[in-house]
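In case you want the letters, here they are:
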Amino acid sequence: MSDVLLHVSNLTAELGNGERPLRVCDGIDFSIRRGETLALLGESGCGKSMTALTLMRLLPLSGRIVGGSVQLDDSELLSLPEREMRGVRGGRMAMIFQEPQTSLNPVLKVGDQIAEAVRLHKPASNAQGASPPLLKRRLFSGEAEVAERVVELLRAVGIPDPARRAGEFPHQLSGGMKQRVMIAMALAGDPELLIADEPTTALDVTIQAQVLQLLKGLQAQTGMAVLLITHDLGVVAETADRLAVMYAGQIVEQASVDAFFAAPAHPYSRKLMESVPSASKRRGELAVIPGRVPPLDQPFTGCRFADRCSQVMPACREAPIAWFQPNLEQSVRCLLWAEGPARLQRASAAVGVVESSASSLRLETATAPRSATGLESEAEALDAARLDAASALSRSAAAPEGHALLATDGLEVHFPIQRGLFRSTVGHLKAVDGVDLRLQAGQTLALVGESGCGKTTVGKAILRLEPPTGGTVRYNGVDLAAIRAGQMRRYRKDLQIIFQDPFASMNPRMLVGDIVGEGLQSLGLEKGRAARRRRVAMLLEQVGIGEQAMERYPHEFSGGQRQRICIARALAVDPKLIVCDEPTSALDVSVQAQILNLLKRLQDELGLSYLFITHDISVVAYLAHEVAVMYLGRIVEQGTAAEVLDAPRHPYTQALLSAVPMMDKAERRQIIRLEGDMPSPAAPPTGCHFHPRCPQAIADCALAYPQPVQLSKTQSARCLRIEV
Amino acid sequence: MPVILITDALIFLLIAVAIAFGLYAARHEHLRGPWRQVGRSPVGVAALVVIVFYVGIGLLDSLHFHPLIEPMAPADLTDQRTDQRTDQQAPTYSTQVISVLDRWLSGLRERQEKTFSAPFAIQLFVKEAIEQPDGSLIRGYPRLEYGGAHLADPAQRDLDILLRGLFGMVKGLIAWTAVMTILIALRAWHRQQSFNDSASRIWRGETKTPWRTVLITLALMLVLSFVAAELAAKYHILGTDKVGEDVFYQSLKSIRTGLVIGTLTTLVMLPAAVILGIMAGYFGGRTDDVIQYLYTTLSSIPGVLLIAAAILMLQVYMTNHADQFQSLVERADLRLLFLCIILGVTSWTGLCRLLRGESLKLREADYVQAARSLGVRHSTAIARHILPNVLHIVMITVVLDFSGLVLAEAVLSYVNIGVDPTMNSWGNMINSARLELARDPMVWWSLAAAFVFMFTLVLAANLLADVVRDAFDPRLRGAS
Ligand SMILES: Nc1ncnc2c1ncn2[C@@H]1O[C@H](COP(=O)(O)OP(=O)(O)OP(=O)(O)O)[C@@H](O)[C@H]1O
Ligand code: SF4
Ligand code: SF4
Ligand SMILES: [Mg+2]
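Protein chains in written order, with our numbering: chain A, 1 to 724; chain B, 1001 to 1480.
Please note: incorrect hints may appear among the correct ones.
[What the hints assert, rightly or not] A few chain A residues that face chain B, going by a derived Cβ cut-off under 10 angstroms, partial list only: (1) GLY167; (2) GLU168; (3) LEU463; (4) LEU465; (5) THR469; (6) SER505; (7) ASN507; (8) GLY513; (9) ILE515; (10) LEU520; (11) LYS576.
[Said to hold, decoys possible] Over 10 angstroms on every C-beta distance to chain B, these chain A residues come out as not near it, computed from the model: (12) SER522; (13) ARG569; (14) ASP646.
[As the list claims (entries may be wrong)] Derived DEER-like restraints, expressed as beta-carbon distance ranges: (15) A:ALA682 <-> B:ALA1026: 42 to 52 angstroms; (16) B:ARG1040 <-> A:GLY546: 48 to 58 angstroms; (17) A:ALA485 <-> B:THR1319: 49 to 59 angstroms; (18) B:SER1225 <-> A:PRO295: 31 to 41 angstroms; (19) B:GLU1364 <-> A:GLY410: 35 to 45 angstroms; (20) B:VAL1017 <-> A:GLY167: 51 to 61 angstroms; (21) B:LEU1459 <-> A:THR222: 52 to 62 angstroms; (22) A:THR472 <-> B:SER1379: 29 to 39 angstroms; (23) B:PRO1271 <-> A:ALA485: 19 to 29 angstroms; (24) B:THR1380 <-> A:VAL107: 38 to 48 angstroms.
These aren't lab readings, by the way, just hints derived from the structure by calculation. The structure displayed is predicted, hence computed values, not measured ones. C-beta atoms are modelled at their ideal positions from N, C-alpha and C, and glycine is treated no differently.
Full structure from sequences and hints, please.
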């Protein structure tokens, strides 16, 4: 038996027939060794999931495999008859998907679903022994034994009280638990290879940390190999051994993780890394990749990245690019490496001028093993950034107190829980339960927290899109929560909102021009149609879309472009404050970089204030002046970005930050593992809401909700264990 | 002198609405696209051609007028010269109301037999005492007064039918060729292609709109119509009923009734369903509670009961106020309208519920929230953001409901709470035929005729509905 478990060569698959089929993967080569984790990295639409489905031979109806070979151990999967392939799937090769909600059957108990997988696969793999499979199957399918195995699997994936959980239905489990159940099902057949397609994308960071740790642990125990598909560089850096970067249906770079993060070789990989926001990039703009991934329905001649590459040469477009090996652990499809590293150095020196200092530092240390100087200078850059933040802080602190543009005090939004025939109110879901926030003019306040903690509801309550049930929202001294609905129209102009999902936030039946002009019209800001159109054109120009977009429909634009249009719509009424509700979480990192750059530029030019709602800590580090951390409807810690991110004091903030996967080993913290999930806001725990999960909890924590402790002029936290 | 019955007026209104909607849809890609897709589906266009034939007949039957009374017979002329002069100045009209279709089919209408006769029969279906030329009486099947009366020898019947059928077919093919030529020429002119080019593309099925299917369906329908017309001139092709009326004529007259029920009901219920449904979903709270209460109450009353009560009330009213109605046709028409309204009242709840659910979802959609944060008024938000995004549901429901309503009419008339017994409708035909089924030998043709006509319409409507739903349903659209 060789060391290589899966060997894929020249795998090509197409989707759709007709004249222009989509070539979703084109000449894919890679191999995975036993016990190894290979990460497949790339932006959306690059064909990552399709590659995984092709390996499993699970392509959608319109798809077909055109050529290549997939060898699992010694068997060629592509020529296997479908009946035997079914045994391989879920047996030797298992897969878990991104959406745990939709991968489980809602009407079956989770135990039964796992048991099904156990029954299907266990006998076959046992039968490798001498006894005839039929006999074995009967022996094994003793129900008691199956049940035992189910419990064992659930325990293996870290589900507490597995015997009881096996009898529950999927909707009774949280997202993280569902993903664990999926993993348990995948493990039922003792797979040699586990394909995980964005297994943690739908989960919160603390849960993501749990699941990734679980996968690692299982891998160490069983020695299975993992093909991890993800778009998150941090996840790759923390979990994978090797990685392959995919672009437009092709793999463009393969490397060991260490070599890659020391010096990504392909211009695309490099840009991708530079576009990830972080504290160290605060001062400058993020790198962006112009253009978008080319559609896959066309024949390509040269390098697929040529149209977006800043180092493109005429030769790049002429012929398919071969693989080059900059060093032993790395290979890349880019002509810059055709003559070895020398050429690249020249080229990168030329580009280095326009690129941010931190990244060119990386490039120059590219070929050598990562030097101490590189690390040092990075640390310096980081420090500089912190200083910068600190000076910004002192500036804002200098502004007269109480002059906050927006201040909420004890803001509450309680949703009634109604039951029964006559819908009597049986309780309240305290989505927001006493939130105090201060936002200075021209600044960004980041509101971070896990899904369901009430961030969006805070944003909506401030705009009165969701009526607050208590507390005040003072905007320039006026309490928006107290005025009548009719009077609110006057303040609509000043407060705007940008939503998370760029695909849902525009009416698909309206022209872009009308969408952007909607506020101008309804608030009577520009009366004439011609004047309105001029203003809309200007706005579209301002967000970098161009006025020709006015006559088109939203579906003709990509996610990033749509988000720009939404920004233009909010800008149209000349607001002072924009609530940004996770505006980039549905976007790829390179597109996210464009939007963040735009938001930052607009803030500088127009003096806008942002309430930036997000769960992405790297975005916070890049953009925010102040940070408020929310847990179960309340703010647990707030302060300046530098204070909260570098010296978190609340145990929850500490755990949250430690769970964020980091590309840079130096920035990684020891993960503080949180047990369980966030409780429901309908029945929050007594005392400190965090106490059932808090690693530092003491008996007193369950008694009363702790009062804020002022740690510095700007930082405060609500925890009993903090001493000033 | 033209007469406009209430349902006629509503039909014209409906056509106006349809045209206005067509113009609106043509300018909005999200509506035009799906309709284009309907136009490109072979099943869709075939169904459309069939429906166009039905609608054409229905429309002809909706142009009502009082016929001119023919001047007196020439024999009287010499005596009453003065009378004739007044006739010329102020023509007199009959109080009878007939439609263009009636005028067109006057031959069929007037050639009434004594009683039952089978399709293509030349003799009555029942035995009678016949007086022989020699004065003796025998019991036998007498010759029909009109059906096959031109035949001297009954044995020639089959040959005659064959010849006439062939003749009709030739006529039909000629008409079809003419229509086809015009169609191809128009298309060639529009596309700036040569005529031959256009024709060969159509026949090789290379056009985006399946013109070949259109033409084949058209050929079938035209040949059928011409053969039927040719034969109906001399025979009762679908037989006659108890009072000797031509069943083919009845079936054709029933088309209007079916179409009116299928479309006007929708027109009547649409405003209520759309407005209340959207309001319930969009405003929620009290409004929602009231509207929900309303439709749950309404939909828990058995529809038949409601209809029966309403129709009985109307009947009582009409017998007490007989003087308000100038003619039987008007009475029947009012009853038809009433049936539409009451069917509408019982059937709006389904659409209302659907729309409520969808608006409830849309209200939370980010773009509606964004509109609210931009200070857009509720009425504007509904008109601009909610309505256009639920229009596809309305469209699918309207088309799907149509066939159900046509069938409902048949059922209601069968239990005598449908349209007026004097009005031609498939339901009434079935109702009157049910007793005759017990006869031996059986009188099957009324039932069969009603069945075939209704079946064709409902099948075409259902096929079209499927295509429309596939085109408009965003989930299905995503899948294809
Ligand atoms: N209209 C509503 N009616 C009842 N409950 C609601 C409503 N809107 C939100 N909630 C509940 O309030 C809580 C907070 O929701 P919210 O959307 O503010 O969370 P979030 O922090 O924005 O989460 P995410 O990161 O997933 O966007 C959740 O438990 C949610 O289910
Ligand atoms: S081959 Fe050329 S175009 Fe492609 S990535 Fe390399 S330098 Fe850029
Ligand atoms: S108060 Fe207690 S439970 Fe709450 S965060 Fe502090 S230590 Fe943990
Ligand atoms: Mg949210």
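So, going through the hints one by one against the coordinates:
With a cut of 10 angstroms, the hint placing GLY167 (chain A) at the interface with chain B is violated, because the nearest CB-to-CB distance is about 32 angstroms. For GLU168 (chain A), the interface hint is violated, since its Cβ never comes within 10 angstroms of a Cβ in chain B; the closest pair sits about 28 angstroms apart. Proximity of LEU463 (chain A) to chain B holds as hinted, the smallest CB-CB distance being about 5 angstroms (cut-off 10 angstroms). Taking 10 angstroms as the C-beta cut-off, the interface hint given for LEU465 (chain A) holds, the closest approach to chain B being about 5 angstroms.
Because the closest C-beta pair between THR469 (chain A) and chain B is about 15 angstroms apart, greater than 10 angstroms, the hint is violated. Of the supplied interface hints, the one on SER505 (chain A) holds, with its beta-carbon coming within about 4 angstroms of a beta-carbon of chain B, less than 10 angstroms. With 10 angstroms as the threshold, the beta carbon of ASN507 (chain A) comes within range of chain B, its nearest partner Cβ sitting at about 5 angstroms, so the hint holds. Restraint check, GLY513 (chain A) versus chain B: the minimum CB separation of about 14 angstroms is more than 10 angstroms; hint violated.
For the restraint placing ILE515 (chain A) at the interface with chain B, the shortest Cβ-Cβ distance is roughly 8 angstroms, inside the 10 angstroms limit, so the hint holds. Here the hint on LEU520 (chain A) is kept, as its CB sits about 9 angstroms from the closest CB of chain B, short of 10 angstroms. Contact between LYS576 (chain A) and chain B, as hinted, is not supported at the beta carbon level, the nearest pair being about 14 angstroms apart and thus beyond 10 angstroms. At roughly 4 angstroms, the least C-beta separation between SER522 (chain A) and chain B is not larger than 10 angstroms, which violates its mark as non-interface.
Distance check on ARG569 (chain A): its Cβ comes as close as 7 angstroms (rounded) to a Cβ of chain B, failing to clear the 10 angstroms threshold; non-interface status is violated. For ASP646 (chain A), the shortest C-beta to C-beta distance to chain B comes to about 34 angstroms, beyond the 10 angstroms cut-off, and the non-interface label holds. The hint said 42 to 52 angstroms for the Cβ distance between ALA682 (chain A) and ALA1026 (chain B), and at roughly 50 angstroms that hint holds. Separated by about 34 angstroms at the C-beta atoms, ARG1040 (chain B) and GLY546 (chain A) break the suggested range of 48 to 58 angstroms.
Distance hint check: the CB atoms of ALA485 (chain A) and THR1319 (chain B) are about 55 angstroms apart, consistent with the given range 49 to 59 angstroms. One distance hint, 31 to 41 angstroms for the beta-carbon pair SER1225 (chain B) and PRO295 (chain A), is violated here, with the actual separation near 50 angstroms. For GLU1364 (chain B) paired with GLY410 (chain A), a C-beta distance near 26 angstroms fails the hint of 35 to 45 angstroms. Look at VAL1017 (chain B) against GLY167 (chain A): about 57 angstroms separates their beta carbons, and that is inside 51 to 61 angstroms.
Between LEU1459 (chain B) and THR222 (chain A) the C-beta distance comes to about 60 angstroms, which sits within the given range of 52 to 62 angstroms. Evaluation of the 29 to 39 angstroms hint for THR472 (chain A) and SER1379 (chain B) yields a pass: the beta carbon distance comes to about 31 angstroms. At roughly 28 angstroms, the beta carbons of PRO1271 (chain B) and ALA485 (chain A) sit within the given window of 19 to 29 angstroms. Range check, THR1380 (chain B) to VAL107 (chain A): Cβ separation about 42 angstroms, and the 38 to 48 angstroms hint holds.
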